[in-house]
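For reference, the chains in residue letters:
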Amino acid sequence: MTPRTVTKALNLTASSEEGQVLPLRSAALVMDLERLGTLQPSRLSFMRTLVRRMAHESWRIHAERFELDENGHGEAIYRIEAGSERYRFVVFSSALADDQRNDRVISSQWDLTMALVQGDLSEDQLKSLRINVPLQEAGRVDDHVLVLSRANRSSRSFQSVVQRLATGQQPDVEGLKKVGYLCRTTAVYGSGKFGMADWQVVQSTCRSFRTPFSAEMFACYLLRHFSCEQVEHIAKVLAPDRAVTIAPEIKRFIGIGNATGLGMAPFLIKHPKLIAHWMMQRETALARVLSQTDCDDQKLNCLKAMVLQVIQHLRETTVDEAQQQERNEGLVMSLSHLTEALEQPAFDAWLRSEGWSALQSFVADRYGRDADELVQVLLFEIYPELVDPLEESMAVDEDLDLEPHVPLSECLALIRDHYDWALDIDFQQPDHRALFWYRSEEKMEPRLGDRFFEMGAEKEMPMSIAFAVRACSDLMESYLSDFPDSLVVDFLMAFPDQLGIVRRIQSLSGLHYGDIRGNLSDKNLQPMHLLRAKLSFFGVGKFDPKSRLWVRNTMFQGAPLVDDVNCDRAEDSWYFPVAPVL
Amino acid sequence: MVLPRSAGALTMRVSSGELLAQLKQSFEAFGVSQGEYESAAASVLALERWGFEGLRLLETALSRLRTENRPAPQVAYVLDGLVIDCFESSALFGLVPCIERLYVNGWRNAGGQASFKNCREPAFILPSLIKVCERGCSAGMYWWTEGEVNLLHTVRLESGTESVRVSSGVWASRDVVWPDAKVLITREEKDLESFERDLIQPSFELRERRGSDEHRALFERSSKSNIEINPWLWDGLQELGREMLVAGTVESRMGAGADPRPTEL
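Heads up: the protein sequence lines correspond to chains A and B, in order. The first sequence begins at 202 in my numbering and counts up one residue at a time. The second sequence begins at 753 in my numbering and counts up one residue at a time.
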């Protein structure tokens, strides 16, 4: 009997489309928490992938029921035909007082609640949805439901757009630059919560939503569609003779808002293999692109045009937080310099001879992380044929398993090799252990507390991988000094409470990108970096932090409309959207 | 009418994902370590999916588990394997390292056996065995449940090309021949056959036999739809899980960042 071994020597390479071996960036660089906080949406992001799928597979989306009163309250049902599959998107719109409109998970009332349902919808199902969907976390649904979500009208944009439409005017584009949405989601639930279908079930039975979070993204996409139809409806009722509908160019510039807090962070820690895999796919795309040397006129012009578009996009982005504003301004400056460089004949000639990897090194060295990550995703756009094939394999087996037969000394060496960043942290320093993550009894909302001043540290969530690794490493060293020839299983027999962290360490050892490298209990932790990393995989834009703990952002701004999809004219070029000029 | 969340309904269905998450949180409240509560939660779900009534087993044990004193199992190394004394504790917690020990012994010695003495709900050992069999070995296990009729439960786990093949049998007997649960890990299927043959006496009456196809079908079916659970058990698990939540205060509300006041004002 030979034990299966999952630990492998790390070979930091990826494959090109033709099977050529390509170098990958190091985990120390890629998984660094601060760098994760600079990730940008890319064409591998789930929103982009979804829209491409909708277009390639000619989805058809039509309102089957649209029964709203003069205030836009009532219900709507959309029928989705995606190949041979059928889905329904059900929206309930209710009256909500202005002082009840809140982004927090702990809220209990919303303007809109909605569900994405698999298959046809019976009257009994609809009755049950009418009762339970508006309750959100307090309700129960069945496993025909794939996604449950809610949203609020934006106090800044919704009513003003209604008023303008009712007076025959188009929405104020300047206003939409500041708030690029009419409604904002505050939670999007899937993956088996509250009785919904499990992710594994969705993956295996819903071909249309076979990639991670595609069902959740689709619910947001249809919410965006509904929000536009809703304002048009209210305006029409208000002024039947004068009201106009939103011009398609402007409508495309309307996205859907999203508010995200700490709730997103535990996912990144609880799903280490998935996150490592997402990073691997992204880095493989980068390695493929950087291996290209065909910097010809067409590609260089494409890059220049994209850089100019990003500059405009950033200039149109309004954020309150000083640090984010500074970063956006810094990016604009860097990209402006890059534009100038790209126009210089000597630079142009150098780039043509050296290829894209030289450009990436130049940008990273000269302009820093933000510009580095941004230019990378622009390069993705030049080579869709190298990047897009990776989108179908974003899911992974997340099972963690032990290798009990491995000598403990090897396991300790593995820790020293892969978790040197964790071992470098001095946890004797109170600041490095200051924060603890916990679930509040208020809707189990994840929160951060100060270990030395707040109650509840004994109920800490196991978020601090660095600390757990450090503690485990110390125990291993001590055990090995007494039992130098021991195996991992001997150690676990002596210290069964180390089972979880040893299983994690061994399971991630064969992956190129393992754990996120950051101390999540550090006093100066910026949880925003975690949120941004995950949101970049979703594909959100207009990143607008409201504190270091929560952020507003915009989804699907610039994306093709449902009408575009229905008429097979959905384009895939909606990255870094800019305001339309009418 | 609100679709019953739990109480008041005769049955309810939960997704595997939410069941697993709830079990982890509830078991965490028992004060066991992360690795243990994750393994225990996965055990309950795996037993349920493979057709071994993990939830019913948990239901009968839950109230005792809340207060159970869980001493570490004591392992003695004997000539033909391990003897593990569980001190009347449930097999739900604390036995993963022992199973791994057995696996390593089996790998080193071309097979290994263990007796689990004074072990409650020994069926909870099975998922850990399935896990080690996924690495390429085979295993057999039996245990007794005593009652008006004593039942011997036998399970065979064979390493397959794609997944583990699970088959099982239940035998009735007037006498409990060997009170301990027994486990064998091996690479030879003939060892499993002799393990079972030595065990089953001519006087035993076969009550139920499930082949690997039947167990696989149960597994596939339960993996594709939500799982039925007794609402009272679900409520009990939720109540336990709440013990891991920290009370909400004005200060703690700020610990989630977002402004608790109405937004955009």
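It is possible that some hints are incorrect.
[Claimed, not checked] Below, in silico cross-link-like pairs of lysine-lysine (DSS-like), each with a Cα-Cα straight-line distance of 27 Å or less: (1) A:K660 <-> B:K776; (2) B:K942 <-> A:K735; (3) A:K394 <-> B:K869; (4) B:K942 <-> A:K471; (5) B:K934 <-> A:K474; (6) A:K328 <-> B:K776; (7) B:K776 <-> A:K644.
[Unchecked claim] So the derived label-pair ranges between C-beta atoms look like this: (8) B:A999 <-> A:K505: 55 to 61 Å; (9) A:Q310 <-> B:E980: 45 to 51 Å; (10) B:E991 <-> A:H263: 42 to 48 Å; (11) B:E980 <-> A:E659: 32 to 38 Å; (12) B:R994 <-> A:V374: 19 to 25 Å; (13) A:S594 <-> B:S815: 25 to 31 Å; (14) A:Q310 <-> B:E966: 28 to 34 Å.
Don't read these hints as lab results, they were simulated from the structure. Remember, predicted model here, so these are calculated numbers, not experimental data. All C-beta atoms in this analysis are idealised placements derived from N, C-alpha and C, irrespective of residue type, glycine included.
Now the hints, each set against the structure:
At most 27 Å may separate the alpha-carbon atoms for a hinted pair to count; K660 of chain A and K776 of chain B meet this at roughly 13 Å. The hinted pair formed by K942 of chain B and K735 of chain A fails the criterion: a straight-line CA distance of about 51 Å is larger than 27 Å. Proximity of K394 of chain A to K869 of chain B is assessed by CA-CA distance (about 39 Å); at most 27 Å being required, the pair is judged violated. Pair hint K942 of chain B plus K471 of chain A does not hold up; C-alpha atoms about 41 Å apart against a cutoff of 27 Å.
A threshold of 27 Å between alpha carbons decides the hint, and for K934 of chain B with K474 of chain A the separation of about 35 Å lies outside it, so the pair is violated. Taking the CA atoms of K328 of chain A and K776 of chain B, the gap is about 33 Å. The hint is violated against a cut of 27 Å. A distance of roughly 17 Å separates the Cα atoms of K776 of chain B and K644 of chain A; the hinted pair therefore holds under the 27 Å criterion. In this structure the supplied range 55 to 61 Å holds for A999 of chain B paired with K505 of chain A, their Cβ-Cβ distance being about 57 Å.
Under the hint 45 to 51 Å, the C-beta atoms of Q310 of chain A and E980 of chain B, about 32 Å apart, miss the expected range. For E991 of chain B paired with H263 of chain A, a C-beta distance near 45 Å keeps the hint of 42 to 48 Å intact. Between E980 of chain B and E659 of chain A, the C-beta spacing of about 35 Å keeps the proposed range 32 to 38 Å intact. Take R994 of chain B and V374 of chain A: their Cβ atoms lie about 49 Å apart, and the range 19 to 25 Å is violated.
Checked against the given bound of 25 to 31 Å, the beta carbons of S594 of chain A and S815 of chain B, roughly 46 Å apart, lie outside it. Remark: the range hint 28 to 34 Å for Q310 of chain A to E966 of chain B is contradicted by a beta-carbon distance near 49 Å.
This entry does not satisfy hints 2, 3, 4, 5, 6, 9, 12, 13 and 14, going by the numbered hints stated previously.
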